[in-house]
Structures are given as structure tokens and as C-alpha cells.
Amino acid sequence: MENQDISLPLEEQTEEFVVNIGPQHPSTHGVLRLEATLDGETIKDILPHLGYIHRGIEKMTESLGYKQSIYLTSRMDYLSAHINNQACSLAVEKALQVEVPERAKAIRIIMAELQRLTSHELWWGSCAMDIGAVTPFFLGFRDRERILEIFEANTGNRLTMNYITPGGVMQDVLPSFVSDLKTLLVKVKGYLAEYDTLITGNIIFQRRLQGVGVLPKEMAISLGCTGPTARASGVSCDVRKYHPYDGYEKLEFKEILNDGCDSWARYLVRMEEMRESIYIIEQLLDNLPEGEYRAKMKGVIKLPAGEYYQRVETARGELGVYIVSDGTNKPYRMKFRTPCYSNLAAVKPINVGAKIGDLMASMATIDLVIPDIDR
Amino acid sequence: MKTVLRYLQEVALAFRSLWSGLRLTLYFFTHPRKEIITEQYPENRTTSINIPERFAGEVVLTHDENNEHKCTACTLCEMACPNGTIKIISAQVETEDGKKKKVLDKWVYNLGMCTFCAQCIDACPQNAITMKNSFELSVYNRSDLIKTLNKPGSKLKEKS
Amino acid sequence: MIQFSDITSWIHETLSGLLSPGLTFLAELVLAGVAVLAMVLVFVVIFVYMERKVAGFMQLRYGPNRVGIWGSLQVIADVFKLLLKESFAPDSVDKLLFNLAPYLVLAVSFMALAPISWAPGLQMWDTNIGVLFISAVSSIGVIGILMAGWSSNNKYSLIGAMRSGAQIVSYELSAGLSILAVVAMCGSLSVHDIIQSQADGWWIFKGHLPIIFSFVVYVIASTAECNRAPFDLAEAESELTAGYHTEYSGMGFGIFYLTEYINMLVVAMVASTVFLGGWLPFHIYGFEAFNHVMNFIPSWIWFFGKIFFIIFLIMWFRWTFPRLRIDQLLKLEWKYLLPLSIVNLVIVAFITIMGWHF
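Sequence order for the protein chains is H, V and W. Take 3 as the starting number for the first sequence in this note's numbering and just add one per residue. Take 621 as the starting number for the second sequence in this note's numbering and just add one per residue. Take 2 as the starting number for the third sequence in this note's numbering and just add one per residue.
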């Protein structure tokens, strides 16, 4: 009652109130707390609070070896575990100047793109659920499950695979890998068509996303947004194009861009990226190179003293791994530049002035994974 | 007139988009046998459940039919493990020709701390340990999770 | 065939023989109340089970399938669970309003059942303003929701209640206008008269396009009035956790849940009475043999079949569509449904005056 102006007529004596959205809230998908100041339904201010799931992964790596640290990176962005492992492995390989066999590179790309597919499928389901449709969530999980079955059969695990390791991959793929994937990709294309009939074409869904959470191009650049979030604002920032790794330079694929800048553009970019991922995998399947799946590496990896940086494109944006080595078998410092942390910065500017429902819509399309923010 | 037509067209398009979604859910509703994907877990555990061969369920020390394993107690797996899951307790025994030799006494595996990353399997130079695809691993006591993997009376397999 | 009117008159005569006229009236009131209560509770249990199964099949899963055959006892088990749980009121809630709100909402939705005709001769209160009474009473329920939201002392609840208030006040209009179209055609507000006027064909077939349009509008508006998806902004679990009933637990929550289904029942009954001929069988003009066969199906099967059809429609919507935003919800009502309903009503009035309907 302190900020009430008594001189105003009674109907204009309004008060803003603060609502804590999170840390336990159905649509923050984890323990993120948004301190939202509301004026009725309109959002006046948002203050994100981090740290509810901070596990000190960067510090933990300093007491573990390089190989052992890789399994920790799966726990940052658990929806792109393969790609995180790949980033860390690539940084180590860069330091040791190891030549990875062609077969291992191809397998890595296939796994990374499958991982991108699983991540976007889960995102699609949970995005639709944040908008209020429950059925898509189950469809998203159904389709993700098909890909996870491939992961399970080939790598032994479903979520945190720890499959990609310095020098290649842990074990060769199954003989049936290529044929399994071919049948899978046909199925996934059918699933994507289902997504379009159920949700993409739906008038309510379109109206909920169009013009909501507008992130202008300049703002996306200055906030350091990457990945689909930035590409939907027209920022060309695909690491696979600009700093190709593991043989992406030999593949033919488009960088999906959209100038819409709103949530609907972000939705379309992710939907299109799924199709592009399928296209990338199809190119590799027909001529999967034969040969070794792993380069010979020492049991205990020691990096030469120095600083190494490697960036990859995860499902959410650019992941950078920065290693400072003092020549021992443990990193002196390992720093991860995670995509969600930078993308979180966009939550406040794009939501001020919007409705609570819009907050959920734009949060859903930015696609935050909370453990990736906190590490 | 044009605005009225556009207004009506908008309404018609909206209804069409909603109908296409409704048709899909109606298809799911009317084809339960074809579309339902949930597995009836406790019932299908002996029939249709599919656990891949490579599924990383738990670490096992492989024993052959003579109750012999290949572990030389070199502790590479213990060093490779990120979580301190593995504890190798070795014993010094005297062989027939009077040399002292390190043999495996206890291969202690703490299942409760294992993240199934398979670093130990990767590190083992003798291929003595593998991942088994068992998955129903819950127990009632936490102490039951700490397992000794080498079977009683087992010994190192001689190199032929 | 046994008529329900025979049973009711037999009960009346037996009671009159035993008791004085005043006591007979009282006993009949109690009997009717108990009968409706039991009937409605059975319906709600069936609806909850049906909703879970419909949701399950639409979401590629089985729904409840562990308790009883095909999970049929799951709902009963859940009711017992809710009954046994403590109905907990948090500190600093307005205790009186907090505890009163669920019962108010429940009482209101039972009141709306009074003028409904279940079967020939089975009607509690044949008033001449039946339809008006239902639509008037069903909008009182929002007061209970506002009460619950305000007294919970929870910001989510408050926002949910306010949304619900805005929503129900708006959608009452087009629900009322679409019923009015039929009322204009048959010229009576009494539920019994409306049903009787459809003896030669249901209004949805007799009334040309305008009545089909009002049926669609009524289904949309009534979905909104029941606070069900895609108009479940008052609950909006991804935005407001559970909206106005966030703080309720145990049977307090149970009653809100129950009320949602009773409201659906009322809405389905009104829709089937006004548009689909209530308990009247389906007749095609000219096909005497077909009509005769249809007459053999008991009236209560017709009525319940229609109710379940409408309920299935509402459930189908819920498990397909995303939720609207609050401003879009109000825009849909005030910019699309209401103007179109008014135009529609004018057309209906014109048709009625010219006598063009069948």
C-alpha cells in the first residue's frame, strides 16, 4: 500500500504486484525463478534468478581428467548431450592435434544431428504444452523415443550417452545402424507432417505466437543470443557454417534464417532445422566411410600447456569450450560458454509490456534448458 | 463488402485449420491398436520388452565356466572412474617360484554412485569387465548397492 | 413400456395415502433431491472416466488401466483418496469465503439442473421460463470462483479468478443469444414446450443454417463457460499453476473438480434439449418404418446419447487445441461471436415471421 497515490480517484489507485514464476512452476521446465512485476495481466519487469541447480561443473573438471570431464558436459544441456561431448572432445583433439578417422567424424555428425532432432522434438512438445495443448507433448515424446532407441542400441544409454570421446567414438555403430536410420528417417518425416497438421496450422497456436516476444536483430546481437533464437531474428550465426568442425564443411545444408523476429519465427526456424538435420543425415548415410572408429589415444590424456577454444552448434546455440592447460593430466581451468545463459538475457527485454500468457509463449520458443544456464 | 468477405473468409479458414487438428486426434482416438505406444511394463518384462545388447545397465566382471576372470588388479578402471565408484582391493600372494605377485582380492563396485559412462570398460587393458544390459537394479538397502563383483573362489585366468 | 410419469404418479399416490399433503410435498422434494444427486454423481464418475480414456486414446496411451477392469474403478479410488485427504486451508486465507466458495459453486450448478426434462414426465420443475432460469443461474457460479480466487490470498488464484470473471460475463451473451434463436422459432421458454415443438424434427434440422450456426456458437460459448480448454484461462496450468483452485486440497479441490463436470452435464443437457430434441427420437419425415424403429429406442437412451455426444465434443476440443490468450479470448467473443450471433438472431426472427421454418 506504500506506493499508492491517495490523491488519485479510487479507480486509478492501482498497485503493481510481484509474482514469483518459479523455481517450482510448470512452465519454467526446471528450477528457474522469474521475479515478475505485474500490472494486472501485463508484465512490467522480469528479474531472472539463477543458481538453483548450480553444480559447479567447471570447478569439478579441475579435479577430474579430460576423459572424465566429458561425462560431466552431458549434464549441462542434457538434451544435446552428444553435441556437448563432441565440443569437449574436439577441444582436446585440437590441443593434441589428433587426426580423427573419417568414419568417426561421420558417426559424430549423424549422432549430433539425431540429437538435434530429439531436442527439437521435445521442444516442440513442451512448447505446445506451454501454449496449452497437451496432446503434442505425447507426440513429441513418441517421436523422440524412436531416436532414443537408436541411441540406446548403439551407445548403450539414452540421455547422457558419453559416446563421443577424444579421438573418435567409444564403440563402433551396429551393423544395422544405416538401415535402422533409413527406416527411422522415413518415419520422422511423417511425424513432422503430423506436427504441421496438429499445431503449426492451428489458428489459435499461430495467433498465440505471432508478434509475441519480438527480439530485434540488433538486440539479439548485443545480448549475445545464438542458435535458433538468434537466427529467427535474422542473425546468421550457425557455427556449422562459419567454423565447421568434424567435416561439416563437406556437407551441403542451409542455414535456416527468418526475419520475423517473433516467437512464431523462432518456431518456424526450429521446425525447418529438423528437416535440415534429416537432410544432413541422409547425405552421410549412403556413403558412411569404412575404417577405424577411433584414433589411438593414451589412457591418461595430458594436454600441452596452453589455451584452447572450440565452439560447436548445439540444439540451442553456440557452445564454447575453453581449456587452460598447465601440461598436467587435469585442466587448470575449463570454461563453458553455454547458449542458454546468453539466450536467457533476452527474456526480460522481449517480455516487458507483454501478457503473462505471452511470457510462457516466448519462454517456450527461446527453449531454455535450466541446467545449461547454471552449470 | 470486401471487408465483410475477408472477415468471413478469415472465419472459414480458422475453422478449417481447427478441423484438421481435430481430424488427427480423432484418428488417434479411433485407431488405438495401431497408434498406442505405451508399454505395459511389469506385464511385458518377460515378453515384448526390448533391451538392447549394448544397454549400459551395470558393470560385471566376466567369469568363464572355470570360475576364472581376467582382472589383474591393475586399478586402471579405478583411476578412469569419474565418481570413485570402483574400489580394487588387491592382495600380495607368493607364487610357487617364490615371487611376490599382486592378485585381485575384492572388486568392489558401488552401483549407487555409478553413472554408467563406461569409462572403466574403455580403460581396462584385459577386457575383464563389461556392461550388462540388466536394468531392474533397485534394492531395499543402500548397502546392497555395494557389490563385490569377483565371485568367491575365483582366480585369474592363466594366459595360454 | 413403463412411462416415468407412471412411476412418479404412483409415488405421489402412495405418499398421499400415508402422509398429510404438506409432508407429502416435503418427502417428494427430498426424494427428488436425492435422486438427482445420485444420478448426477453417477454421471460425473462416468464423465471423469470417459475424459481420462478419451485423453488417453487421443494421446497414444491407454489411460487408467490398473484399478478394476480397464481401470473402471480408478475414479472411485480417486474419490476416496480426495475424501480421506485433509482439506487444508493455508494461513491468512479468508477462512469463511475460502470454505464457502466450493459449496456455492456446487449449489449453483445443481440449481441449473432443476428445470431440465430427463424423460417424458420426468421433470422436477416445469416452469415457463426454464431456459432463461438455466442461463441466469449458471452465471452465478462465477461468484464462487471469484470468491475462491480472492479468499485464497494467492496471486495466481486472483489472476485466475479475474480471468474467469471476464470470460464468463462475456460468453454468457453469445450462449444466451444462440438459445434465443431457438426460443424465437418455437415461441416458448419452457423446456417442456421446446422439446414438444421438436416432435416432427429437431431444431438443428428444421431451423436451416441459422440454427446450425447457433449450435456451433453455443458449443463454443458453453465450452468457455465451463472453463475448459481451449478456454481454460482460469486454470491455465502452464501459466497460473492451477488458477483459482491453487490453494485448495482434498475435497475442496474435489468439489471444484466435480462442479466442472456438473457444469458440462448442464451444458450438454441444454444443448441436447434445445437443439437436438431432448429425449425425442430421431425421425426422418416420410420414412414411417424407420421412424417406428426409432420410437422403440427408449427416450432416456436418446437423451443420454445426445448428452454423451456433446460431452465428447467438448473433450475432443480440450485434448486438441492450444489455449487462447486473455485478450484473444475476449476478442473472439466481442468481435466474432457476438456480432455474428446478433445478425443470426435477426435472420432467425425474419424466418420465423415469414414462417419459412418447417
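Derived from the structure by calculation, the hints contain no laboratory data. Wrong hints could be hidden among the right ones.
[Unchecked claim] Just some of the chain V residues that point at chain H, by a computed CB distance under 10 Å:
#, residue
1, Y627
2, S637
3, T650
4, I657
5, Y661
6, N670
7, I671
8, E673
9, R674
10, A693
11, L696
12, A738
13, Q739
14, P745
15, M751
16, P772
[Stated by the list, open to error] Heads up, simulated DMTMM-like pairs for lysine to aspartate or glutamate below, C-alpha to C-alpha not over 25 Å straight-line:
#, chain 1, residue 1, chain 2, residue 2
17, H, K107, V, D742
18, H, K46, W, D328
19, W, K332, H, E274
20, H, K46, W, E238
21, H, K191, H, E274
[Stated by the list, open to error] Partner residues are not named here, just some residues of chain W that face chain H (Cβ under 10 Å, in silico):
#, residue
22, V41
23, V43
24, R62
25, K86
26, M163
All residues carry an ideal CB built from backbone N, CA and C; glycine is no exception.
Taking the hints in turn, this is what the structure says about them:
1. Y627: With a minimum Cβ separation of about 14 Å from chain H (threshold 10 Å), the hint on Y627 of chain V is violated.
2. S637: Check passed: Cβ of S637 of chain V comes within 5 Å of chain H, closer than 10 Å.
3. T650: violated, 15 Å
4. I657: holds, 5 Å
5. Y661: Interface hint status for Y661 of chain V: violated (14 Å vs cutoff 10 Å).
6. N670: Given a least distance of 8 Å, the restraint on N670 of chain V holds.
7. I671: It holds, given that the least Cβ distance between I671 of chain V and chain H is near 8 Å, below 10 Å.
8. E673: holds, 8 Å
9. R674: holds, 4 Å
10. A693: This hint is violated: A693 of chain V lies away from chain H, its Cβ roughly 16 Å from the closest one there, beyond 10 Å.
11. L696: Check passed: Cβ of L696 of chain V comes within 7 Å of chain H, closer than 10 Å.
12. A738: Since the shortest Cβ distance to chain H is 6 Å, the answer is holds.
13. Q739: Holds: closest Cβ of chain H sits about 6 Å from Q739 of chain V, inside 10 Å.
14. P745: This interface hint holds because 8 Å falls under the 10 Å limit.
15. M751: holds, 6 Å
16. P772: violated, 29 Å
17. H:K107 <-> V:D742: Answer holds: K107 of chain H to D742 of chain V is near 19 Å, not above 25 Å.
18. H:K46 <-> W:D328: Within the cut-off at roughly 17 Å; holds.
19. W:K332 <-> H:E274: violated, 31 Å
20. H:K46 <-> W:E238: Satisfied, since the Cα-Cα distance of roughly 22 Å is no more than 25 Å.
21. H:K191 <-> H:E274: Roughly 12 Å between the alpha carbons, so the hint for K191 of chain H and E274 of chain H holds.
22. V41: violated, 27 Å
23. V43: With a closest approach of 27 Å, the V43 of chain W hint is violated.
24. R62: holds, 7 Å
25. K86: Interface hint status for K86 of chain W: violated (20 Å vs cutoff 10 Å).
26. M163: Since chain H brings a Cβ to about 8 Å from M163 of chain W, closer than 10 Å, the hint holds.
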